[in-house]
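Novice: Sequence:
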Amino acid sequence: MTQNTGALIERAGIEIIPESDRTAKPRDLFWPWFAANVSVFGMSYGSFILGFGVSLWQATVVSIVGIVVSFLLCGLIAIAGKRGSAPTMVLSRAAFGVQGQKLPGIVSWLTSIGWETSLAITAVLATGTILRTLGWVSGEDDTAVSIIATVAVAALIVGASVLGYHTIMRLQSVLTWLTGAMTVLFLIFTFDSINWETAFSRPDGTFAQTIGALVMVMTGFGLGWINIAADWSRYQKRTASDGQIVAWNTIGGSVAPIILVFFGLLLAGSNEGLSAAVGSDPIGALAGLLPTWLLFPFLIVAILTLVSGAVLGIYSSGLTLLSLGIRIPRPAAAAVDGVILTAGTIYVVFFATSFIGPFQSFLITLGVPMASWAGILIADILRRRKDYDDAALFDSRGRYGAFDWLSIGTMLVATVIGWGFVMNQIPDTGWNDWQGYFLDLFGWRDDWGYANLGVLFALVLSFLVTWFGRAAKIRQQEDSGR
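Its first residue numbered 1307, the sequence shown is counted upward by one per residue in my numbering.
Source of the hints: derived by calculation from the structure; they are not laboratory data.
As the structure is a prediction and not an experimental result, all values here were calculated from the model.
Please note: incorrect hints may appear among the correct ones.
To be verified - Capping the alpha-carbon separation at 30 Å, the derived lysine-lysine pairs in DSBU-like fashion look like this: (1) K1692 / K1543; (2) K1779 / K1543; (3) K1331 / K1543; (4) K1692 / K1331; (5) K1408 / K1779; (6) K1779 / K1692; (7) K1543 / K1408; (8) K1408 / K1692.
Using the sequences and the accompanying hints, generate a full structural model.
Specialist: Here it is as structure tokens:
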């Protein structure tokens, strides 16, 4: 059924986008990726990266490499959206089977829910901190402010995601200019807070610490979005250039974070107190560097940038929910995830004792299976030379079958191996200390424990197994249709 691209609410769910509606151009992909990643929250990663014990130059190198490579991987996934005109998790059925795809689908849904909730939490915490700094509220008003902020942030996120793709694309193009301008102002007014001598005097970290920082950057940026990358390219024409799809994804996602993280490194490297404060309230801590008159505009734009990223997440998590077999309209799926987001935000804001600890634990735990899935799907995409069989993506008896046991087994084995090489002993996450069970076997716990090699192992191992192990099957699928 043809979708009306001018309608207020997008009705398209997980079905194939009709050819008449595939009117987007590769350069259009710049806007959602840039707007979602221009958030000043990116500066907080400067503190997170230096926490691995690396020097400023090491942190700068791993930031650039980690950001660019991780968004390049998103661009490769986005090729599938152009070839199949369907959401990421539907296209993944070609690699896992129509029913087998539910395994990575569940992991993807949890990942999206976690990301969007963490962004909402950050926006709520920042609101309270900045309003107290302005003197507009006192400590006695914290509960009321948090409730109002939670409702307002959740309403913005859910409202935009319910409206859908076309509204989001228009909003993102506007937010790009607004948030970009405020970010430049922030850089200008906090430039004097940099102590260059102190920042550059940090000693070098070990190779293991550097790899740990690299993995954290990759999981915190591109790998955190990789499970939704094709959702934003499914309105592209089938004739669009693969290279341009990859390039605009990579440029849009990378350009702002590279600048923001580097500036965050300078700020955190200059001020140990700032680094500590970022752990409990990333945006609020950064706001403390600004003149009072700029705080309220900063708050508004900071919230909008966080909302911008969360909107992409909740929109795609709704599509993932539909791909798991939930038969409800797409706007309703987004609303369901909005309720979960609100509940998660309320729990962390009002009851949890820490934010950054659980957030890092979440990144590591789900980052391993998501890395494995990404390796499998990227190899599958690069092996294919033809567009997807639209009907077979929704038919267990079609060429992609119900289950691809090699892909499913690869993901399970790679995840088990990966979890064995990550160490999740983070404060306030004692329930997650079971990981890292292979580190002692190799005597790596002391030197490599926090390098989180398991994420890289899962990504590379899954790619190699799929590249060599499924090559013949992919050729058979494309040549015979069976």
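Novice: State the violated hints by number, sorted upward, taking the hints as numbered earlier in the document.
Specialist: Every hint satisfied by this model.
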